[in-house]
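**Student:** Model the full structure from these sequences, guided by the hints.
There are 2 protein chains.
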Amino acid sequence: MTTRSPILIVGSVAFDDLELPSGTFKDTVGGSATYAAFAASTFSEVRVVAVVGDDFPQDVLAVMETRGIVTKGIERVSGKTFRWAGRYDADLASRTTLDTQLNVFADFKPKIREEQRGTPLVLLGNIHPTLQSDVLDAMSGPDLVVADTMNFWITGESEKLGKLLARAHVLIINDEEARQLSGIHNIRRAAADICKRGPHTLIVKRGEHGALLFDETGIFAVPGYPLEEVVDPTGAGDSFAGGFIGYLATHLGRGAKLQPAERARLMRTAMLYGTATASRCVEGVGTSRIQTLVSGDVDARVAQIRSLFELP
Amino acid sequence: MTTRSPILIVGSVAFDDLELPSGTFKDTVGGSATYAAFAASTFSEVRVVAVVGDDFPQDVLAVMETRGIVTKGIERVSGKTFRWAGRYDADLASRTTLDTQLNVFADFKPKIREEQRGTPLVLLGNIHPTLQSDVLDAMSGPDLVVADTMNFWITGESEKLGKLLARAHVLIINDEEARQLSGIHNIRRAAADICKRGPHTLIVKRGEHGALLFDETGIFAVPGYPLEEVVDPTGAGDSFAGGFIGYLATHLGRGAKLQPAERARLMRTAMLYGTATASRCVEGVGTSRIQTLVSGDVDARVAQIRSLFELP
Numbered sequence: 001m002t003t004r005s006p007i008l009i010v011g012s013v014a015f016d017d018l019e020l021p022s023g024t025f026k027d028t029v030g031g032s033a034t035y036a037a038f039a040a041s042t043f044s045e046v047r048v049v050a051v052v053g054d055d056f057p058q059d060v061l062a063v064m065e066t067r068g069i070v071t072k073g074i075e076r077v078s079g080k081t082f083r084w085a086g087r088y089d090a091d092l093a094s095r096t097t098l099d100t101q102l103n104v105f106a107d108f109k110p111k112i113r114e115e116q117r118g119t120p121l122v123l124l125g126n127i128h129p130t131l132q133s134d135v136l137d138a139m140s141g142p143d144l145v146v147a148d149t150m151n152f153w154i155t156g157e158s159e160k161l162g163k164l165l166a167r168a169h170v171l172i173i174n175d176e177e178a179r180q181l182s183g184i185h186n187i188r189r190a191a192a193d194i195c196k197r198g199p200h201t202l203i204v205k206r207g208e209h210g211a212l213l214f215d216e217t218g219i220f221a222v223p224g225y226p227l228e229e230v231v232d233p234t235g236a237g238d239s240f241a242g243g244f245i246g247y248l249a250t251h252l253g254r255g256a257k258l259q260p261a262e263r264a265r266l267m268r269t270a271m272l273y274g275t276a277t278a279s280r281c282v283e284g285v286g287t288s289r290i291q292t293l294v295s296g297d298v299d300a301r302v303a304q305i306r307s308l309f310e311l312p
Numbered sequence: 001m002t003t004r005s006p007i008l009i010v011g012s013v014a015f016d017d018l019e020l021p022s023g024t025f026k027d028t029v030g031g032s033a034t035y036a037a038f039a040a041s042t043f044s045e046v047r048v049v050a051v052v053g054d055d056f057p058q059d060v061l062a063v064m065e066t067r068g069i070v071t072k073g074i075e076r077v078s079g080k081t082f083r084w085a086g087r088y089d090a091d092l093a094s095r096t097t098l099d100t101q102l103n104v105f106a107d108f109k110p111k112i113r114e115e116q117r118g119t120p121l122v123l124l125g126n127i128h129p130t131l132q133s134d135v136l137d138a139m140s141g142p143d144l145v146v147a148d149t150m151n152f153w154i155t156g157e158s159e160k161l162g163k164l165l166a167r168a169h170v171l172i173i174n175d176e177e178a179r180q181l182s183g184i185h186n187i188r189r190a191a192a193d194i195c196k197r198g199p200h201t202l203i204v205k206r207g208e209h210g211a212l213l214f215d216e217t218g219i220f221a222v223p224g225y226p227l228e229e230v231v232d233p234t235g236a237g238d239s240f241a242g243g244f245i246g247y248l249a250t251h252l253g254r255g256a257k258l259q260p261a262e263r264a265r266l267m268r269t270a271m272l273y274g275t276a277t278a279s280r281c282v283e284g285v286g287t288s289r290i291q292t293l294v295s296g297d298v299d300a301r302v303a304q305i306r307s308l309f310e311l312p
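Protein chains in written order, with this note's numbering: chain B, 1 to 312; chain U, 1 to 312.
One thing to keep in mind: the hints can contain errors.
For chains that are exact copies, the list does not tell them apart, and a pair is met inside one copy or across any two.
[As the list claims (entries may be wrong)] SDA-like, lysine to any residue: derived pairs with alpha carbons at most 25 Å apart:
| no. | residue 1 | residue 2 |
| --- | --- | --- |
| 1 | K72 | D59 |
| 2 | K257 | I219 |
| 3 | K257 | E310 |
| 4 | K196 | F309 |
| 5 | K257 | P312 |
| 6 | K196 | E229 |
| 7 | K196 | E228 |
Honestly, the hints are just simulated from the structure, not real lab data.
**Tutor:** Given below as structure tokens:
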């Protein structure tokens, strides 16, 4: 298909200070919406809804625009941009948050511009579930809603998260979050429980071990691609979500009504693309790799991932 | 093919006291050779080399014999059988060793019977690497040597383990052991390092996340099968090894000389069978499930695992 539906992405745009085994990198551009937008822009037009302070450089927005990312929805307000600082251990297996300054992100209220209300695909990054619902209220019935969340909202805002889940088609979380959300340790029964709350598809991310997809037709597993060198794991999860919804944007037209089998195949293939996009992201520091990604890079990695589970 | 080559399995036969969420089970029969032998006996004739004390019940050996397991090589000596006691946490995610009594296993010296010297496939369970080498010295050049080991020998007997590795065709270890053995955290580079020491194939077990295979032709990944209920994880790794070598026994004739591509395909398919066999093992307490396993059970699980990575 030659469909290229636009994608609305809501989330954070930030400055990250990264302490990596390869060196310390100050003031790199990060945030969930940034990574997801760069990832998705490899596939289709992306419209970002976020907030930055008056310290945020205009030239980063210009780089986004050259990738087909519409930055009109990135509100600039007085104050400082969200800032995160983290240190990775020597083998990149774990990280410690050194500092979090919400700054202007603390009062973020996503504003959907009139011309963006009809965007058919929406990726709701990890923000307060009420704000995620507000975004959907402002939209004119998107065809596909993909949501992310985290333990903080699962434990603190379970009722509001429940309302959001009832309106999401796809939920992307990690295995610990799936266990926490359902209160069930067994991942298969946890998934069945979560899918009863709304999403037709649940994707459980498992870091280097890849990801599992659960839907009414069954289970699909994509292994993580064992890279010879991981440079910086920051943004891998957001790049996965961006690559996932990006692939779908090239296959879902406006008003798409899919049969379960057709949907199952699309979602599974999108998971391959999400995994490939994430594994490209971690090849460079910060957004350096994801912001220069072309579809050939993703296609080549998809082929490498497929070879992991094809019998010769 | 209708080949059914016999398999020699060396390892421990033990009594296990298991504290599981579902209850406490005393004096269950366990041990690496027991699990691997029951697993492999689903595929072909198995010859066990092990030691038990005079407290070991004859009827357990009789059960083995009904499965085509030759127990003549299980030496009975004066004293008590190896005993292990462990407690699993509520979600079976981790376990604590409560007691280990080596008993007669402390002085175990595998003795290869004259009629077993020519056995074409050998599985060397996790015992002292010098004893593993002694077994190979006593054999008349087996076609396939699959070895297991553990962190205890990796750190304490690295030189002797090095000599054993030079004679093994396949090494099966977990990811932590692979990192420890190579001194390299990145699993892909760790695998490349280990394969330079002898084995043409390295299998890295990752528990519920499945396993990775590395050889000169590339990498193969098999996801763990997400069961709705795991009853007892004890023996999963040994059942994996037993199912793996069992499958190969049905495809490798005496004196088999395989081309790399043919070998790669066989090893990958064997990994699917190992994974399937292990996932059957954990459906019951101790050896209860693995000792009644029939090939149809394994084939059905292989099909379920394959469906995890097939696009509909």
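**Student:** Next, verify each hint and record whether it holds.
**Tutor:** Status of each hint after checking the structure:
Taking the shortest Cα distances, K72 and D59 sit within 25 Å of each other inside one copy (14 Å), while across copies they are farther apart (78 Å). Taking the shortest alpha-carbon separations for K257 and I219, only the intra-copy value of 22 Å comes in at or below 25 Å, while the best inter-copy value is 38 Å. Proximity of K257 to E310 under the C-alpha cut-off of 25 Å is restricted to the inter-copy arrangement: shortest distance 23 Å between copies versus 31 Å within a copy. In this assembly of identical chains, the alpha carbons of K196 and F309 lie at most 25 Å apart only when taken from different copies (24 Å versus 30 Å within one copy).
In this homomeric assembly, K257 and P312 come within 25 Å of each other (Cα to Cα) only across copies, at 18 Å, whereas the closest approach inside a single copy is 37 Å. Only between protomers do K196 and E229 lie at most 25 Å apart by alpha-carbon distance; the minimum there is 19 Å, versus 39 Å within a single protomer. Taking the shortest alpha-carbon separations for K196 and E228, only the inter-copy value of 16 Å comes in at or below 25 Å, while the best intra-copy value is 39 Å.
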